[in-house]
Structure formats: C-alpha cells, structure tokens
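Everything in the first sequence is counted per my numbering, starting at 3 for the first residue and increasing by one.
Please note: incorrect hints may appear among the correct ones.
Stated by the list, open to error - Derived DEER-like restraints, expressed as beta-carbon distance ranges:
| # | residue 1 | residue 2 | range |
| --- | --- | --- | --- |
| 1 | Asp301 | Ala469 | 38 to 44 Å |
| 2 | Ser200 | Ser245 | 22 to 28 Å |
| 3 | Thr148 | Val297 | 24 to 30 Å |
| 4 | Gly401 | Ser248 | 46 to 52 Å |
| 5 | Arg116 | Lys293 | 32 to 38 Å |
| 6 | Gln21 | Glu154 | 19 to 25 Å |
| 7 | Glu252 | Leu186 | 36 to 42 Å |
| 8 | Gly89 | Gly354 | 55 to 61 Å |
| 9 | Ala417 | Ala384 | 19 to 25 Å |
| 10 | Ala407 | Gly328 | 27 to 33 Å |
| 11 | Arg87 | Gln34 | 26 to 32 Å |
| 12 | Ile38 | Pro68 | 17 to 23 Å |
| 13 | Asp97 | Ser248 | 36 to 42 Å |
To be verified - Calculated pairs, DMTMM-like style, for lysine to aspartate or glutamate (alpha carbon to alpha carbon, straight line, at most 25 Å):
| # | residue 1 | residue 2 |
| --- | --- | --- |
| 14 | Lys160 | Asp140 |
| 15 | Lys293 | Glu275 |
| 16 | Lys380 | Asp414 |
| 17 | Lys271 | Glu281 |
| 18 | Lys312 | Glu358 |
| 19 | Lys380 | Asp368 |
None of these hints come from the bench; they were simulated from the model.
Glycine included, each C-beta is placed from N, C-alpha and C at the ideal position.
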Amino acid sequence: MHVGNLRTALYAYLLARSQGGTFVLRIEDTDQARHIEGALEVIYATLRQAGLRHDEGPDVGGACGPYVQSQRTAIYRTHALELVRRGAAYHCFCDKVERDDDPAPAGGYDGRCRHLDPAAVAADLAAGRPHVVRQKIDREGVTTFTDLVFGEITVENKVLDDQILLKRDGMPTYNFANVVDDHLMGITHVVRGSEYLSSTPKYNLLYQAFGWPVPLYVHLPLIMGKNPDGTVAKLSKRHGSVSFESLLAEGYLPEAVVNYIALLGWSPKNDRELFTLDELAAAFGVAGLNKAPAVFDFDKLRWMNSEYVKALPPAEFAARARPFGGITSPHLAACWDRLVAPLLHPRVEVLGDIPEMIAFLAALPDYPVEFFHHKKTKCDPARARAILADLGPLCHRHGEWTAPALGAVVQDYAAARGLKLGLPMWALRIAVSGRLVTPGGPPEIMEILGRDESLRRIDHALAMLAAHPTA
RNA sequence: GACCCGUUCGUCUAGUGGCCUAGGACUUCGGCCUUUCACGCCGGCAACACGGGUUCGACUCCCGUACGGGUCGCCA
Numbered sequence: 003m004h005v006g007n008l009r010t011a012l013y014a015y016l017l018a019r020s021q022g023g024t025f026v027l028r029i030e031d032t033d034q035a036r037h038i039e040g041a042l043e044v045i046y047a048t049l050r051q052a053g054l055r056h057d058e059g060p061d062v063g064g065a066c067g068p069y070v071q072s073q074r075t076a077i078y079r080t081h082a083l084e085l086v087r088r089g090a091a092y093h094c095f096c097d098k099v100e101r102d103d104d105p106a107p108a109g110g111y112d113g114r115c116r117h118l119d120p121a122a123v124a125a126d127l128a129a130g131r132p133h134v135v136r137q138k139i140d141r142e143g144v145t146t147f148t149d150l151v152f153g154e155i156t157v158e159n160k161v162l163d164d165q166i167l168l169k170r171d172g173m174p175t176y177n178f179a180n181v182v183d184d185h186l187m188g189i190t191h192v193v194r195g196s197e198y199l200s201s202t203p204k205y206n207l208l209y210q211a212f213g214w215p216v217p218l219y220v221h222l223p224l225i226m227g228k229n230p231d232g233t234v235a236k237l238s239k240r241h242g243s244v245s246f247e248s249l250l251a252e253g254y255l256p257e258a259v260v261n262y263i264a265l266l267g268w269s270p271k272n273d274r275e276l277f278t279l280d281e282l283a284a285a286f287g288v289a290g291l292n293k294a295p296a297v298f299d300f301d302k303l304r305w306m307n308s309e310y311v312k313a314l315p316p317a318e319f320a321a322r323a324r325p326f327g328g329i330t331s332p333h334l335a336a337c338w339d340r341l342v343a344p345l346l347h348p349r350v351e352v353l354g355d356i357p358e359m360i361a362f363l364a365a366l367p368d369y370p371v372e373f374f375h376h377k378k379t380k381c382d383p384a385r386a387r388a389i390l391a392d393l394g395p396l397c398h399r400h401g402e403w404t405a406p407a408l409g410a411v412v413q414d415y416a417a418a419r420g421l422k423l424g425l426p427m428w429a430l431r432i433a434v435s436g437r438l439v440t441p442g443g444p445p446e447i448m449e450i451l452g453r454d455e456s457l458r459r460i461d462h463a464l465a466m467l468a469a470h471p472t473a
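Put together the whole structure using the sequences plus the hints.
In structure tokens form, the structure reads like this:
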C-alpha cells in the first residue's frame, strides 16, 4: 500500500475518531483487469499494523454491506437505469477508444449518442449490442461545490464530458460507484487526494440527478517525491520505498511511519511533532489541513523513526531488532538481548542498518594500519603497538571477562602509565573491531567477542603493526 | 493545449492586518560532553515567488505575472 493511500486512510480514520464517527472500509475492485491476488490481504495487514481499525468492512460486517463493489453490480445497474429514466444518463454504443496515444487527444467524448432514437436504442439493447451508460451533462451553466480544505470551486459545465457510469462489462466506474455507495452507506465525509478535485463537479451533478444530499468533501494535498534532478512529482516507486510494506521491511517502525505521514499535509498548529495514534485523533481537525503539495522527506522520517526506536523499552527493542540483525552465529543469538541490543538501542535510526553496524562482530574486517592514527587521543601505530603488547597479557590474565572488568583493567593501566583513557581505548577499538566507528566501546565489544577471539584479534593487530613499523 | 488548484528557510510547517528584528522541526555547520560513533545540551546559516493595488499599517485582503502541481481513461 502506497503511503499516499495510507495517509488518506489515516486522515479518514482520524476524522472519524475525532468526531465520534464510523470508519468504513470499502473495497473498490471494479477493474477486473487490474485484480491482483493477495492485494486485499495487504490492505488488511497495513490497516492492522498502522492501528487503523475499521468499524465496518468486508471482514467485520456492518449494516451497509456488501462492502466489496464487485459484489454490488446489481445495485449500480439499477441506479444507472434510474438515471437513464430520469434523463440524466443515456446508453452509448460507440466503439471503445483505447488510450495509448501519447499526447492526450484534446476534447473528450462529443455526446453523439445522446439523441439516439429511443426505439433504436431499445432494439439494440434487446439484441445485446455492446454499450456503456454515460452521464448526460448540459453544456450550459456552471457547477459549484464546496471543499472543506480548498473552499468553493466553480467550473463551467462545458469542460465536463459525459463520463461513463457503467462500463461495457457491466461494472460501474469508480466515479459512479462512489456516488452510489457513499449515499447508500451514509458516508458524510469524502476524504481523498486532490487529484480528484477536478472530477468532483460531476459528482455533484450525479447527486442532484438522484435528488440526494451532497456529502462534505475533504480533498488532501498530494504527497510528492523529489527527483534526482531536484524537481518534484507525485511520489512513486522511482523515489524509493513508498509502500508501507517496504518501509517496514527496511526497518521503519509502523508507529513512526504513521506519525510522519500524519504531518505531511496536516499540522496541529503548534510545535508538537510526536504523536501516538490516539493523540493524533484528539488533535486532528480539517482546519489543520494544507492545500499545497508536500514533499516526502526520508531524512526526517529517519529522524522520527530514531525517536521511536529510542523510546522503545529495552526488551521490546531487542525483540524488534532481532529479526533485522542478520544473526548467523549461535553465540550472537545467545547474547543478543543482554549484550548486543543494548549497544544498538541508542544508536540505531532504522532497524535495517543493524547488519552493517555489527558485521565486524562476526568477522574482523580487513583494515589498514593507518586506522591506529587518531589525532584526538594522540594514537599512532607505534604507541598502539606498545599499548596492545601490554594490554593483551593484562586482559588475558584477568579472571573476569566482562565489560566492566575489562574497562577497569584498561583504566588501571592508563592510570599507572599516566595516559589519558582515550589512547589505549582507541588502540583497543581498532584492534578488536577493525573499524573507526563501533556501537559501544572496546570493553563491551570484547565481552561479546569473548576472551579467545578478542586476544586473537589483538595478536593479529600486533603482527600487522610489527610488519609496518613505520606506518 | 484546455480547465482546476497551489506558492513562507533545501524539506515538513507556524503565522488568519500591527504580537514578525517571521517561530518550531529535519537537514547542514560550529561548540560542549564523551571510551569512538551516536545520544544529549548550546549556538549559527537559511524563507514570506515577483509586480501592482487596498490600508495608517500587509506574510496575512484583491488583481496580474511567473513558477509548480493536478485533471482531461470503458484506471482508481
């Protein structure tokens, strides 16, 4: 599910919750050619993971079912024919125009079937001639509707074409099914993306033709993505992971994603940014909705995710992070909760970063002797060599192999030699991790590595330093 | 191309005629802290698209221009 769709669902949910309303899930599957196996399950899973519980829907029932449009075709047919009877729609026998010519052809359907001889229409219908049902829109006058976000919008009817209501295969179009279902299901607020703004006048005409009250419209600003060249366009796959599933797979927390997208196009009107779903529902209001398109910023999502990660209780972080760890050794698996996760917890922004952060634990990476040069601690290969030569045996002799004990060994050593702690720590870090940056310090890493592996790595460093005495 | 909509720091936004020397957050850049990195803390850079009005006074109201976006499907 695209995050844009999720955000629309989220706002609809928040609006319903904040007003004591009902959140209805309706499946709009009227395009048989685009049916995708498993798509419905993705919708259910996304809604569940995002915490958006619907009050009515295909799986939970309700008074207005069925909630799957492909199961309501008889309803749409009846209503389309009612419109024909009222003179607001008509049968059209024109050939289907394929839409694959590149520059979109100017001007739509010309309405040529409006004035077909009724007897001929009846005969063609009886003969089973393929047809569609079109909405009849007068060329004269204007149509005005009010949107809660964009205000009053007026368009000339002549720019509206006779849109199709019922397709050749008997299925309704999205626009028609929506009007019928929204009315029949008692929908009060139509919350959707602003790309639907320009088709809304036709909705009003349909409601008028039926003699139904018009619902309230809440059109949302679009979510945009930034292109490599700096321009922006409707957020799509080319901009990265834009489906809820892929974001979760990369290690973003569902709560963080929901919080982030809530703020894309809506503002609580104050400086607050971190909200739980319930808090969002309490703060939500259409007055906070913006009109201008919003650019999806992965940097900010990343930051927000890190806030959620840090707020997790230690045990829960360990559990959620575990599947992302890429754990291959039984040893790491065994000490994950107690030793590894605590190191990662304050440093991880996105769970998917973990494998790269701890790869050095499973295997010492190749590293250049230059790593022992460190300005701030005044470390260099010669000093590192001397320090490691001292520290190796000292650690080896020490009975207890825990981070606090090892830390004390290094501290005592530094104190005895009048060294600042950072110097031996740096030499040790490079030796046991082979990396400039590690989650946690040398004592913590050494505890995880264990006595044998730690000493093996120190020996390896010593050998390397001996081979490059002047590096 | 036609129609509709939009335009405050790079990004998300606050601001509804004087409270604005335009606030917050992300990013970025400094500094502090520190056993690296990170976290945390402190601080800096950075915006009202432009031009006309209206008004004592405009980021806020009106008009135009520019730019951006959306729609123009027997897709949703």
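Exercise. Does the hinted range 19 to 25 Å hold for Ala417 and Ala384 at CB?
Worked result: holds, 21 Å
Exercise. Does the Cβ pair Glu252, Leu186 satisfy 36 to 42 Å?
Worked result: holds, 40 Å
Exercise. Does Lys160 pair with Asp140 here, judged by a C-alpha cut-off of 25 Å?
Worked result: holds, 7 Å
Problem set entry | Given hint Asp368 paired with Lys380 - CA-CA distance at most 25 Å | holds, 23 Å
For this session: For the pair supplied as a hint, Lys380 and Asp414, confirm whether the alpha-carbon distance does not exceed 25 Å.
Result: holds, 19 Å
Problem set entry | Status of the given 46 to 52 Å range, CB of Ser248 versus CB of Gly401 | holds, 49 Å
For this session: For the pair we were handed, Lys293 and Glu275, check the Cα-Cα distance against 25 Å.
Result: Since the Cα atoms of Lys293 and Glu275 sit roughly 19 Å apart, the hinted pair holds (cutoff 25 Å).
Exercise. Taking the beta carbons of Ser200 and Ser245, is their distance inside 22 to 28 Å?
Worked result: Distance hint for Ser200, Ser245 holds at roughly 26 Å.
For this session: Mind checking the alpha carbons of Lys271 and Glu281 for me, to see if they're no more than 25 Å apart?
Result: Given that 25 Å is the threshold and the Cα spacing comes to 14 Å, the pair holds.
Exercise. Is 26 to 32 Å a correct range for the gap between the Cβ atoms of Arg87 and Gln34?
Worked result: Because 27 Å falls inside the window, the suggested range holds.
Exercise. Measuring from beta carbon to beta carbon, are Gly89 and Gly354 in 55 to 61 Å?
Worked result: Holds, since Gly89 and Gly354 (Cβ atoms, about 59 Å apart) stay within the stated range.
For this session: May I ask you to test the hint 32 to 38 Å on the CB atoms belonging to Arg116 and Lys293?
Result: Roughly 36 Å apart at Cβ, these two residues keep to the hinted range, so it holds.
In summary, the structure agrees with every hint in the numbered list given earlier.
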